[in-house]
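Novice: When you get a sec, could you build the whole thing from the sequences and use the hints?
2 protein chains.
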Amino acid sequence: MKIIELKETITASNDRDAEVLRGELKQKGTLLINLMASPGAGKTTLLERTIRDLKDKIHIAVMEADVDSDVDAVRIEKIGAKAVQAHTDGMCHMDAGMTRRALEGLGDEAFDLVVLENVGNLICPAEFDTGAGKRVMLLSVPEGDDKPLKYPLMFRVSDVLLITKTDVKPYFDFDFDACVARAKKLNPNVTVFAVSAKTGEGFAEWEDWLLNAVSDWKNQEMNF
Amino acid sequence: MKIIELKETITASNDRDAEVLRGELKQKGTLLINLMASPGAGKTTLLERTIRDLKDKIHIAVMEADVDSDVDAVRIEKIGAKAVQAHTDGMCHMDAGMTRRALEGLGDEAFDLVVLENVGNLICPAEFDTGAGKRVMLLSVPEGDDKPLKYPLMFRVSDVLLITKTDVKPYFDFDFDACVARAKKLNPNVTVFAVSAKTGEGFAEWEDWLLNAVSDWKNQEMNF
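Keeping their order, the protein sequence lines are chains A and B.
So the mapping is simple: our numbering equals the position in the first sequence, first residue as 1, plus 32.
So the mapping is simple: our numbering equals the position in the second sequence, first residue as 1, plus 32.
It should be emphasised that the hints constitute simulated quantities derived from the structure, not laboratory data.
Keep in mind that this is a model prediction, so the values were computed, not measured.
Certain hints may be false.
The list makes no distinction among identical chains, and a pair is therefore deemed to hold if it is satisfied within one copy or across any two copies.
Calculated cross-link-like contacts (lysine-lysine; reagent style BS3-like; alpha-carbon spacing at most 30 Å) [stated by the list, open to error]:
| # | residue 1 | residue 2 |
| --- | --- | --- |
| 1 | 60 | 89 |
| 2 | 110 | 201 |
| 3 | 230 | 60 |
| 4 | 216 | 58 |
Specialist: Structural data, given as structure tokens:
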């Protein structure tokens, strides 16, 4: 397991660094997804199932960002995808420079899709452009339907909202329609999928979106 | 509902500011608890039940810190405790200066216990001393038993770890013993309670601890 020790990039120009990185990835035909959520929302479990389902169709790698440990990268490698573990030196988010260094850790292979599993945190990661082509966030049913009210920026900047752990919906007071309405009020263009990695609910739709996004990234001129 | 708009305190001396605030609160006989957890771990629900159970024994107030909204403070006021809502101006944590300003929002009443419900975040709040006498963290069963490995500082600085939502344990793979062992490895002195606000499991023990902490804070000389 490759573990990369990172420091926050000291630069006044994170947004510019992110644009440059995005341009380079576009040239290579590699879609980078910035996957964000609270701790324990199910990011790694989502990736395990997604990789299992799609690994014969597209070439996928994962960068796991955490303050400490390598448990998530170990889980991803067991599924058969290339993974690196990045340690953020106590930092609560990834920036573009840190993302570039983690990408270097993946080596020279050509990937169709690289997922950056960001630090578990619903606040700080939303503030930093990592150079990703798409931002995808998770909100798990146990966290509650009021989260868009309390963490609005994350919902505002995400292209996709995955509502996860729908299998435990009977045991929680989670108003799905209210949650989606709150998210759409902040971000009318957000695409919402309700998924359960346990039952497979919603994975066909989520994976279709993902395959289309990878294909569009390779084939379309994009103004970003 | 009083909403207090805060800015991060620009000071090089947060630790000293926190010590001064802690001393003032000790003089007044007010125990300040810094309550920390991920988004959706059940902080407000814990407080609702705790206040309901203890409000005839001790005088309690709550400071809700969030990036946005006032839903939590409204919930606390419904239970009959004084509450203020602090907005952190996008900040991912509270510091001692912000805590002082939120306390001022509670006015001149004498409280036995003031709970600062910190921003939902398992990383940044652990780094800032707010002036609290005790730090209490929540980890909910749905978040998973591996969280001490990935967010070690929060587990290291907390006096109490409340493992919440134990009523849904049958629906999640959560190894209670492994979680506690991981937490104790980081922090051998941490006191652990397993609680469910739905069934009431563990509340008698948690509330005993809380009443003792309030009493000790008033009666004992403390070296902090």
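Novice: None of the hints should be skipped; say for each whether it holds.
Specialist: Results of checking the hints against the structure:
no., hint, verdict
1, 60 - 89, "within (18 Å within a copy, 66 Å between copies)"
2, 110 - 201, "both (29 Å within a copy, 26 Å between copies)"
3, 230 - 60, "neither (34 Å within a copy, 52 Å between copies)"
4, 216 - 58, "within (28 Å within a copy, 46 Å between copies)"
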